[in-house]
Amino acid sequence: MWRTAALYLGLVLSHLGGEGSVVKVLCQPGERVTLPCTYHYEDHTNISQLSVQWRSPNNELLCHYIKHKAFQNCTAGYAFTYSPGSITLSILHVNMDDFGSHVCSVSKRHEFTDFSVDVVKMSDSVTSTPQSGSTQSGLDWRLVLLHSLVLFVCNVCM
Numbered sequence: 001m002w003r004t005a006a007l008y009l010g011l012v013l014s015h016l017g018g019e020g021s022v023v024k025v026l027c028q029p030g031e032r033v034t035l036p037c038t039y040h041y042e043d044h045t046n047i048s049q050l051s052v053q054w055r056s057p058n059n060e061l062l063c064h065y066i067k068h069k070a071f072q073n074c075t076a077g078y079a080f081t082y083s084p085g086s087i088t089l090s091i092l093h094v095n096m097d098d099f100g101s102h103v104c105s106v107s108k109r110h111e112f113t114d115f116s117v118d119v120v121k122m123s124d125s126v127t128s129t130p131q132s133g134s135t136q137s138g139l140d141w142r143l144v145l146l147h148s149l150v151l152f153v154c155n156v157c158m
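Going by my numbering, the letters in the sequence shown line up with residues 1 to 158, in that order.
These aren't lab readings, by the way, just hints derived from the structure by calculation. Note that the structure is predicted; figures quoted are calculated from it, not measured. For every residue, glycine included, the Cβ atom is placed at its ideal position computed from N, Cα and C. One thing to keep in mind: the hints can contain errors.
Between beta-carbon pairs, the in silico distance windows are [claimed, not checked]:
#	residue 1	residue 2	range
1	82	28	37 to 43 angstroms
2	30	70	29 to 35 angstroms
3	70	45	17 to 23 angstroms
4	123	44	15 to 21 angstroms
5	68	123	24 to 30 angstroms
6	111	59	27 to 33 angstroms
7	46	123	24 to 30 angstroms
8	109	59	35 to 41 angstroms
9	69	122	26 to 32 angstroms
10	70	28	31 to 37 angstroms
11	59	82	21 to 27 angstroms
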């Protein structure tokens with residue numbers, strides 16, 4: 001439930017931040033995560049010639065979608081979902097190579113926009129829950145989320 005809430009918060013923040021903003025997605029190796037990519041090209045009209053590429057932190061092509069050719073292709077372990085104004089990348093089983101900045105490049109004819117989504121490894125101290133009757137040091141997930149929100153807002157404002 002919290003991961004879904006964090007994804008939606010990222011989507012809202014990406015709309016507030018506009019183009020060029022960075023969204024951070026926290027996860028652990030082995031998890032499935034969805035990375036948001038929203039764009040404005042199809043806000044008011046249907047665009048027939050649209051191309052989207054998702055690239056890994058190593059600049060490897062993970063998914064490619066060409067709307068007017070009905071072409072779509074993803075590397076094994078990755079999938080995408082398209083709806084006008086949004087194309088999300090799903091990492092089906094996060095591995096260590098997935099941590100870092102993913103780039104979603106959206107283009108229509110002679111215009112293009114890049115969006116970055118950082119996949120960040122959540123530390124064990126953040127994800128573990130205290131056992132009843134025990135004390136545990138470490139970070140509270142609410143503080144991590146607040147800290148990420150503050151970092152995001154600060155990066156957008158600069």
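Comparing the hints with the structure gives:
no., hint, in the structure
1, 82 to 28: 37 to 43 angstroms, "violated (27 angstroms)"
2, 30 to 70: 29 to 35 angstroms, "holds (33 angstroms)"
3, 70 to 45: 17 to 23 angstroms, "holds (19 angstroms)"
4, 123 to 44: 15 to 21 angstroms, "violated (43 angstroms)"
5, 68 to 123: 24 to 30 angstroms, "violated (44 angstroms)"
6, 111 to 59: 27 to 33 angstroms, "violated (22 angstroms)"
7, 46 to 123: 24 to 30 angstroms, "violated (44 angstroms)"
8, 109 to 59: 35 to 41 angstroms, "violated (24 angstroms)"
9, 69 to 122: 26 to 32 angstroms, "violated (38 angstroms)"
10, 70 to 28: 31 to 37 angstroms, "holds (36 angstroms)"
11, 59 to 82: 21 to 27 angstroms, "holds (22 angstroms)"
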